[in-house]
Structure formats: C-alpha cells, structure tokens
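J.: What follows is each chain in one-letter form.
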Amino acid sequence: MLNYFIRRLLGAIPTLFTIIAVSFMLVHAAPGGPFDKERKVPASVEAKLIEKYHLDEPLPQQFARYIGDLMQGDFGPSFKYPDRSVSELIAAGFPTSLLLGSCAISLALLLGVFLGIWAALRQNSWIDYLCVGSAMLGIAIPNYVFAPLMTLVFGLLLGWLPVNGWGEPRHMVLPILALAIPQVAAITRLTRASMLEVLGSNFVRTARAKGLPEAVTLTRHAIRAAMLPVVSYLGPAVAYVVTGSVIIEEIFRIPGIGRYFVLGAINRDYTMVLGVTVVFGALIILCNLIADLCYGLLDPKVRYD
Amino acid sequence: MTTPVLQVSDLTTTFWTPEGDVHAVSDVSFHIDRGETLGIVGESGSGKSQIFMSVMGLLARNGRASGSVRVTGEEILGVPLNRLNQVRGARMSMIFQDPMTSLNPYLTVRRQMTEVLMTHRGMNESAAAKAAIDMLDRVQIPEAGRRIGMYPHEFSGGMRQRVMIAMALLCGPELLIADEPTTALDVTVQAQILDLLMQLKRDTGMAIALITHDLGVIAGLADRVMVMYGGRVVEEASARDTFKRPQHPYTEGLLKSMPRLDEHGVKRLETIGGQPPNLQDLPGGCTFHPRCRYAVARCAVERPLLRQTDTGRAKACHLDHLGDVA
Chain A
0 MLNYFIRRLL GAIPTLFTII AVSFMLVHAA PGGPFDKERK VPASVEAKLI
50 EKYHLDEPLP QQFARYIGDL MQGDFGPSFK YPDRSVSELI AAGFPTSLLL
100 GSCAISLALL LGVFLGIWAA LRQNSWIDYL CVGSAMLGIA IPNYVFAPLM
150 TLVFGLLLGW LPVNGWGEPR HMVLPILALA IPQVAAITRL TRASMLEVLG
200 SNFVRTARAK GLPEAVTLTR HAIRAAMLPV VSYLGPAVAY VVTGSVIIEE
250 IFRIPGIGRY FVLGAINRDY TMVLGVTVVF GALIILCNLI ADLCYGLLDP
300 KVRYD
Chain B
0 MTTPVLQVSD LTTTFWTPEG DVHAVSDVSF HIDRGETLGI VGESGSGKSQ
50 IFMSVMGLLA RNGRASGSVR VTGEEILGVP LNRLNQVRGA RMSMIFQDPM
100 TSLNPYLTVR RQMTEVLMTH RGMNESAAAK AAIDMLDRVQ IPEAGRRIGM
150 YPHEFSGGMR QRVMIAMALL CGPELLIADE PTTALDVTVQ AQILDLLMQL
200 KRDTGMAIAL ITHDLGVIAG LADRVMVMYG GRVVEEASAR DTFKRPQHPY
250 TEGLLKSMPR LDEHGVKRLE TIGGQPPNLQ DLPGGCTFHP RCRYAVARCA
300 VERPLLRQTD TGRAKACHLD HLGDVA
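Protein sequence lines, in the order shown, are assigned to chains A and B. With numbering that gives the first Met the number 0, you'll find the first sequence wraps up at 304, consecutive numbering, no jumps. With numbering that gives the first Met the number 0, you'll find the second sequence wraps up at 325, consecutive numbering, no jumps.
Mixed in with the good hints, there may be bad ones.
Claimed, not checked - Estimated spans, in silico, between C-beta atoms of each pair:
{"id": "1", "chain 1": "A", "residue 1": "Pro141", "chain 2": "B", "residue 2": "Ser65", "range": "46 to 56 Å"}
{"id": "2", "chain 1": "B", "residue 1": "Arg120", "chain 2": "A", "residue 2": "Glu167", "range": "35 to 45 Å"}
{"id": "3", "chain 1": "B", "residue 1": "Gly311", "chain 2": "A", "residue 2": "Leu297", "range": "46 to 56 Å"}
{"id": "4", "chain 1": "A", "residue 1": "Leu296", "chain 2": "B", "residue 2": "Gly311", "range": "50 to 60 Å"}
{"id": "5", "chain 1": "B", "residue 1": "Glu73", "chain 2": "A", "residue 2": "Ile138", "range": "47 to 57 Å"}
{"id": "6", "chain 1": "A", "residue 1": "Leu8", "chain 2": "B", "residue 2": "Arg201", "range": "55 to 65 Å"}
{"id": "7", "chain 1": "B", "residue 1": "Pro141", "chain 2": "A", "residue 2": "Leu297", "range": "24 to 34 Å"}
{"id": "8", "chain 1": "B", "residue 1": "Pro79", "chain 2": "A", "residue 2": "Gly132", "range": "25 to 35 Å"}
{"id": "9", "chain 1": "B", "residue 1": "Ser65", "chain 2": "A", "residue 2": "Val144", "range": "45 to 55 Å"}
{"id": "10", "chain 1": "B", "residue 1": "Arg120", "chain 2": "A", "residue 2": "Leu296", "range": "48 to 58 Å"}
Simulated from the structure, these hints should not be mistaken for laboratory data. Idealized CB from N, CA, C, for every residue including glycine.
Looking at chain A on its own, in the form it has when it is part of the complex (with noise of 0.2 Å):
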C-alpha cells in the first residue's frame, strides 16, 4: 500500500507539469501585461520593472526560470504586491480557504449521506420526493446564484447574519452553506441511487433472511456497500468546492486564496495565478489520492499492486 501511495505521488508530477504549462502559456497569451495601467509610468521606470522580474525574456526562458524556482519551494515575487512574495500570500490566505472547503465538504456529506439514506429507505414517499426535487434544485441553481439570494434573505431581509466580513463563527455561516448546498444536492442523489441499489440486492436479502435485526442489516450491510460511490466521488467533489469557493471568497468577501485568484488574473499578476493554480492542483490530486485509498479499505476487491 505504502508503494502505491509513492507511486501515485510520482504519477502526480507529470499531471502537476502539464497543469502548470498549460496555465503558464495562458496568462502570458491573454492580452496585457502586469505593468499596464491607466496612468502610464515613465518609460525607463517600466523598462526596469521589466527587467527586473525578467519579462523581456523569452517565453520559454521564463518558464524554465519559473519551473526552477518552484523546485525550491519558491513561488516567485508577487507583481501587484512588490513586498511580498506570492509563498507568503498563499500561506496567508490558504488557512482560510481551507477551513472554508472542509467545513463545505463535511457538512455535504453529512447533511447528503443522511437524506440520501432517508430519501432510499422513504422511496415514492413525500420525503422522498423532497428530497430529491430540492436536490435537482440546488444542483440546477449555481452557487454564485444561491450566494446572493442568501445574502438578501438572510442577510438584508431576516437580519440574521451579517453579509460579508471575516473573524467569528457567524461570518462563515453563509459562505459555507453557498458552497455546500451543490454538494448537498449532488451526495444526496448518489447515495439516494445507490442505497436503493443496494437495498435491492441479493445480499442484503441474505442478511434479511439470517434474521439480523433490521438496524444491523441496514448499518452493517446496506449502509456501508452503498458508501462506496460515494467515497469516490469525493475526490471531484473537493476540486467543485475549491474552484467553486473562488467566487464564492469573491463574494462575501473572504480573504482566502481564492480572491487572490481572482485579483490575480484581473492584474495579470501571472506568478500569483500561477502559484494558486499549483497548489489547488496539487490538493485535487491529493484528494484524489486519499478517496482511492479510502476506497480500497471499504472494498476489499481492490488491490494496490
């Protein structure tokens, strides 16, 4: 197992690679550049700005310049906040991100994993339907529709949160339920679909017929076979609440590493990009990871060699 892991982790790097080329040539291919502004600066001040963050280079040079210093753990010098380096932003936005994401993720597979559950064993009931239709819903509506309306119901209307702002508890309440609700939906009818699969098979018939009080069959055998899709969807799932908590971030304000994404490919800051780029590449190829092992110890089928 601890040989699949590495082996996985080594897989990663070439995927990590492309991910960063790809990005590299499309912030430099989008028009303008990080020192263009309205007011324009003095010739010769521009021309050291740009030699100093070695832009009159060529293309490929910067590149292998840029793949040099990520080596190091050095994500270069940030263009729109010259005093600080884009390591020393991540740092200090991705806390914040992250705390944001896992509470997302985790309360749309409880809230999810639950209804589903419900949902399977009310099937064709009023619950059932409820559950289902608002899971369509809120897999229909995207989040930067939700974030909004929330924030006017919630927010301006009823009074009871505060729109933006960052510190207390009460602050990630609405951020965290715009970034959850799809995943809501979406873990809902997965398990939904898969609980009535399983609940139809032949084995948990058999665990049925042995006479297992009905809590032992349900928890025992139903429950834990109809997690593992599931388990595997929770790999995409983290990579939806990552690039969904960019606009999210965007709107209520938040300072995770997300806005910097935003502001970053506003001002054409392409090491800023870059660097956020990298590092929510390399956490979807590790939750990816994680899912896929997590998935091999509820399915005995699987086998890492």
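We have chain A; now place chain B onto it with these hints.
T.: Same frame as chain A, but now just chain B:
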C-alpha cells in the same frame, strides 16, 4: 399427528405494479412434515419462489402476502419484524439461487457467519467463530480455519454455495428452504452440492423445501412434489407417483419434455406448446387450458379446484384420467 414444520394456508401474494395488481401466488395451501423434503416445481413465473419469499418475509416492497404461514404451529405472516427475525435464520433458513451475489462482498465470511450466532444464540465472537469453522468443515470446505477469514470473492461459486449452506445451518434450523440452489453452478458442482444437501438432511433430520425447475434434482432428493402453474398448485403427490403416474396434463408435459438417456431410438423431444401464462392476464377457467392437449369445453369456463384423487395425492384438473380424451 405431529405439527408440521411448515403449514401454509390460503397464501395469496400480490404485487402492485403500475399496470395493475399481479397475483404471483393464489390460494396456495400445503405443509411440510418434520424431516420431509418437498420439491416445488414449475416454470419461471409460476410463483414457486414467491411462495417462499412470502414465507420468509422477503417480498419486494410492492408485494403483499395474505393467508397464514405457521412454523411448528406459530403464525409468522403479518407479525412484527422483530418477531419474524427470531424465526428466520434460526428455526427456518434459506439459501438462494445465485451464490455469487448472495454473500456480502465487503465483509469476511467470518463476520457474516458469526453475526448469525451472535444474534440468535447470544454467543460471543470467539465461540461463534469456532462454531462457524466447525460448520464450514461439515460442508467440506478445506482449511476452514484459514479460509473463514477470507472475503467471498476469494471463493469459487460452488464454495460460496457451501458457505451459504453452512451459514443457513448454523442455528440448526428445522426447515431449510433451498431456492434453486444449483441453477447457477457447473453441472459437476451441482451434483456435489445436492449430495451435500442429502447428507446434511440425513445427519440433521431437518426438513427441506427444494424449489427448482429441474425435475432431475427433484427425482433424487424429494419425498413429495408440488407442481405449480400460474401461481397455483396443480398437482401434489409423492415423488414416486409424480414421476411414474403423473395425473395432471402439465406434470405429464414437463416429464415428457425431459431428455432421457434410457430410451432407444431417435425421437424428437416433446415440448409443451404455447407460452407460460402472463400473470396479469391469466386465461379464464383452468389457467393451463390454452396449452393443454386434453382440454375440453368445460376447462375454458370453470377453474378446477385442487381435489384429492388418492391418499396423499391431489390435482387441479377436471379430468379423472389423462387417457380419457386423448
């Protein structure tokens, strides 16, 4: 007379479907005595499996059973689930057609066996594991002590059916329901499993309900045979009588459509014409009459009731002798 192990009376099993109610089992009554093997024969959709799904409380969600099912005198149809759970798996067990999917793929054989004893006998884990290993030995699984820690996918089909049988016998049931136990297995393995069932029956004295569409299986194992057609019992007799002197045209047709090795000459295999009946649209009168070579006018209008013809024999047919018309 002693109380039968299983007494089923007026059992009717109905499934609600969007197209309307389907009566999979209609007014079926029978019993199984202590130590007796009853063979239940019929084609797909004849209701033979659904009788025992009703008995075990394993009907699909849209199914409902009415009537009475008594296990050594105790009513178990329509009782609360926890009451039923004290009977099934303990006094009455069931094994299924498909051993590949009937075991839980995510739990070790050990867990799936010990949970039965821990639930019904209140044993602790280690005592239950010991009893489980003994039982695996009895169903001739080699190296039972080692293999009990394995998962079902590490066993072959025949071995899995042995595990299922061992699991069903853990609590020493009075009745074992075997729903086509060999249909999914290789022919050689089929024979081994049937031998094992016979041997276990002799050793334990339990009664067996053997559901199958394979008359060969019945011939070797059953004491008595019940033939099902369209959700009803059409003939009931001792195994010997069923094979020697079938009294119902359907039974006769089934026997004639079996290939035989002991007949000389090249003869075309007989078949029963037509299709198995659609349970949603059963023919009026005798449900078998559209396919029956002996059918008379009366068969299309009046449904024959199951009537006693000899001691221990019954059939649902208007004709007294099959030779009458033909």
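J.: Starting from the hint 46 to 56 Å, judge whether the C-beta atoms of A/Pro141 and B/Ser65 obey it.
T.: holds, 51 Å
J.: Holds or violated: the 25 to 35 Å window for the beta-carbon distance between B/Pro79 and A/Gly132?
T.: Since B/Pro79 and A/Gly132 have Cβ atoms about 33 Å apart, the given range 25 to 35 Å holds.
J.: Does the Cβ-Cβ separation between B/Glu73 and A/Ile138 fall within 47 to 57 Å?
T.: holds, 50 Å
J.: So does A/Leu8 sit 55 to 65 Å from B/Arg201, Cβ to Cβ?
T.: Given range 55 to 65 Å: holds, Cβ gap about 60 Å.
J.: Could you check the hint for me, namely that B/Arg120 and A/Glu167 are 35 to 45 Å apart, CB to CB?
T.: violated, 56 Å
J.: For B/Gly311 and A/Leu297, compare the CB-CB distance with the range 46 to 56 Å and indicate the outcome.
T.: holds, 53 Å
J.: Assuming the hint says 45 to 55 Å, is it satisfied by the Cβ distance from B/Ser65 to A/Val144 or not?
T.: 52 Å Cβ-Cβ, so the 45 to 55 Å window holds.
J.: With 48 to 58 Å as the target window, see if B/Arg120 and A/Leu296 comply at their CB atoms.
T.: Given range 48 to 58 Å: violated, Cβ gap about 31 Å.
J.: Against the range 24 to 34 Å, how does the distance between the Cβ atoms of B/Pro141 and A/Leu297 compare: consistent or not?
T.: 29 Å Cβ-Cβ, so the 24 to 34 Å window holds.
J.: For the range 50 to 60 Å, tell me whether the beta carbons of A/Leu296 and B/Gly311 fit it or not.
T.: holds, 57 Å
Comparing the model with each numbered hint stated earlier shows that hints 2, 10 do not hold.
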